[in-house]
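Participant: My request is simple: use the sequences and hints to build the entire structure.
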Amino acid sequence: MADAAVQDRVLLPPEPKASLLQSRGMVGFLFMLPALAFLLIFLTYPLGLGVWLGFTDTRIGRDGVWIGLENYQLLWDDSLFWLSVFNTLLYTITASILKFALGLWLALILNEHLPFKSFFRAVLLLPWVVPTVLSAIAFWWIYDSQFSVISWGMIELGIIDMPINFLGDMENARASVIAANVWRGIPFVAITLLAGLQTISPSLHEAATLDGATGWQRFRYITLPMLSPLIAVVMTFSVLFTFTDFQLIYVLTRGGPLNATHLMATLSFQRAIPGGQLGEGAAIAVAMIPFLLAAILFSYFGLQRRKWQQGGAD
Amino acid sequence: MDVVTNAVPRGTAAPDESVGMSYLDRLPRRVVVVYLPLAVFTFVLLFPFYWMTVTALKPNHEMTDFNNYSPFWPSSPTLQHIYYLLFETSYPGWLWNTMLVALGSTILSLAASVFAAYAIERVRFAGSRWTGLAIFLAYLVPPSILFIPLAVMTFKFGIYDSKLALIFTYPTFLIPFCTWLLMGYFRSIPYELEECALVDGASRWQILTKIMLPLSVPGLISAGIFAFTLSWNEFIYALTFIQSSENKTVPVGVLTELVRGDVYEWGALMAGALLGSLPVVLLYSFFVDYYVASMTGAVKE
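So the sequence lines, in the order shown, correspond to chains A and B.
Mapped onto UniProt numbering, the consecutive letters of the first sequence carry residue numbers 1 to 314.
Mapped onto UniProt numbering, the consecutive letters of the second sequence carry residue numbers 1 to 301.
Honestly, the hints are just simulated from the structure, not real lab data.
The structure presented is a predicted model; accordingly, all values stated were derived computationally and were not measured.
Quick reminder that beta carbons are idealized off the backbone N, C-alpha and C, glycines included.
Be careful, since some hints might not be right.
[As the list claims (entries may be wrong)] Pairwise CB distance ranges (calculated): (1) A:Gly275 <-> B:Pro28: 35 to 43 Å; (2) A:Pro202 <-> B:Pro28: 54 to 62 Å; (3) A:Leu204 <-> B:Pro77: 50 to 58 Å; (4) B:Leu86 <-> A:Pro290: 41 to 49 Å; (5) A:Phe86 <-> B:Glu195: 51 to 59 Å; (6) B:Phe47 <-> A:Gly25: 40 to 48 Å; (7) A:Phe298 <-> B:Pro28: 25 to 33 Å; (8) B:Leu278 <-> A:Ile150: 52 to 60 Å; (9) B:Pro218 <-> A:Gly158: 30 to 38 Å; (10) B:Pro92 <-> A:Gly275: 48 to 56 Å; (11) B:Phe43 <-> A:Arg220: 28 to 36 Å; (12) A:Gly158 <-> B:Pro77: 44 to 52 Å; (13) A:Glu206 <-> B:Pro218: 28 to 36 Å; (14) A:Gly215 <-> B:Pro190: 38 to 46 Å.
[Stated by the list, open to error] Some chain B residues flagged as far from chain A (calculated, every beta-carbon gap over 12 Å): (15) Ala56; (16) Glu88; (17) Leu146; (18) Ser162; (19) Lys163; (20) Ile211; (21) Ser244; (22) Ala273; (23) Ser277.
Facilitator: This is the structure:
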């Protein structure tokens, strides 16, 4: 970056008649203007507005007044809110671990020399491409309490003798939504980690094998360290999007049975839009921010480490 | 590099380096370690699509009767669900709305992102690095915490319950993503090209439109396809900001209008899910490499 700046100075000597339009800052500002205006109006402002709404008693159709921390005090005593926090953490942690383990496994398989490799890579990404709501509708049918194809298959195989009540039972419902989330997330993790695996030179593995390393040792001491910076970033994205998930739950259970699958995002929606309590909904959304910040800081340090490892300054 | 390859005796060098050491594995081992898990993964990941398709083609009496009809194949395939969807519901309108919204927000975001990415990556104004970081952070702000204030705002702006509400709010996640992707792409274009043009007296605008943009067509395609898919798949904004049936997008319409009371029209639901996925799947199948490039690029940069 320093080099580029020096080069620029050589190439573009400050002319005495340089107009405002040729100044670096002005040109940069003009080019940034459309994106900046958009993001300020529709991203930064609503973020602030959301925080402010959390301190008001705004309802749909009525402007609210400042009520201080009252929304947060209500939430503090609200067992449903704490249940949703618990559910969100359970959902995020379980789904992320499964996505990571299965995604890494799939990436390692796809990194092997396979026939029709690009075909597999293309087809296996489909769950991630298709609109979540629409694939969730397919899962809704697969999880049907009477006509589930999974129950049917298991009854035919003699494993169970009653159809499984996938979405009607608390534990089953939690497991079912996590399974659907993992199903959708595996391809993303696998394909991005595969891109990282392909940058690891095979000669490293060959050298390690000549030195007598086992398959597990090669994985543990070559693949994993080389991949870990990418893993940090991929998993941060995965955790972030799982934590704020809304669509899957809204389609499959709407938070039920007995609020066992209510996440913070779905609770926030339920209180704010059908319930009309915009202020309280906004407070729940704001309560998600500390968790998100933790994930982002994690990502930031993951990125820093990567740059340091590569010896890059920029 | 040459020295190393020359040192290997002729005939023993692997012809393709990407093969690595897999030739050392015996076939039975490969079956257990590679092919079997791959088959299971493929089956699990693709089964819901197969099930969706089969259900969409089954007549109603076959759908829930697994004993008299094979569950895995429609014995008398029918197009009645698709016909119902296309001619007796507002589904074609939802498709049209989704298309308009996705195209509108994608074009808007791409245009804004090209300028922003160029400014951050090449104009290098004071604070461009911080702007780049801010763009990345903006990408991490999830819609789930923005939809309530945005609903309030669209209402105040008078665009609530219109396609404009979606076209203006989708860029909140599209612009950061596209800018980030295009920044990475612009970085890969040699600086020298731009320097030559600067020496020849080209303006920044000319450099952008005559040099950078033609060279970054693949990057633009990647960003465009991905942005289109993201807006096609968006749900929470569309669910919150749209009330009237004629303005709904496909994901919202299928979920809110095809489910009536306790009677689930599974055939129509599956047909709706299938048809609604088709445009993005088609787009994806034509541009797989661009899509994968944008997905991995966004994470790697």
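Participant: Would you mind marking each hint as holding or not holding in the structure?
Facilitator: Hints and how they fare:
no., hint, verdict
1, A:Gly275 <-> B:Pro28: 35 to 43 Å, "violated (60 Å)"
2, A:Pro202 <-> B:Pro28: 54 to 62 Å, "violated (23 Å)"
3, A:Leu204 <-> B:Pro77: 50 to 58 Å, "holds (53 Å)"
4, B:Leu86 <-> A:Pro290: 41 to 49 Å, "holds (47 Å)"
5, A:Phe86 <-> B:Glu195: 51 to 59 Å, "holds (58 Å)"
6, B:Phe47 <-> A:Gly25: 40 to 48 Å, "violated (56 Å)"
7, A:Phe298 <-> B:Pro28: 25 to 33 Å, "violated (42 Å)"
8, B:Leu278 <-> A:Ile150: 52 to 60 Å, "violated (26 Å)"
9, B:Pro218 <-> A:Gly158: 30 to 38 Å, "violated (54 Å)"
10, B:Pro92 <-> A:Gly275: 48 to 56 Å, "violated (33 Å)"
11, B:Phe43 <-> A:Arg220: 28 to 36 Å, "holds (29 Å)"
12, A:Gly158 <-> B:Pro77: 44 to 52 Å, "violated (30 Å)"
13, A:Glu206 <-> B:Pro218: 28 to 36 Å, "holds (33 Å)"
14, A:Gly215 <-> B:Pro190: 38 to 46 Å, "holds (41 Å)"
15, Ala56, "violated (10 Å)"
16, Glu88, "holds (19 Å)"
17, Leu146, "violated (5 Å)"
18, Ser162, "holds (15 Å)"
19, Lys163, "holds (15 Å)"
20, Ile211, "holds (15 Å)"
21, Ser244, "holds (15 Å)"
22, Ala273, "violated (4 Å)"
23, Ser277, "violated (4 Å)"
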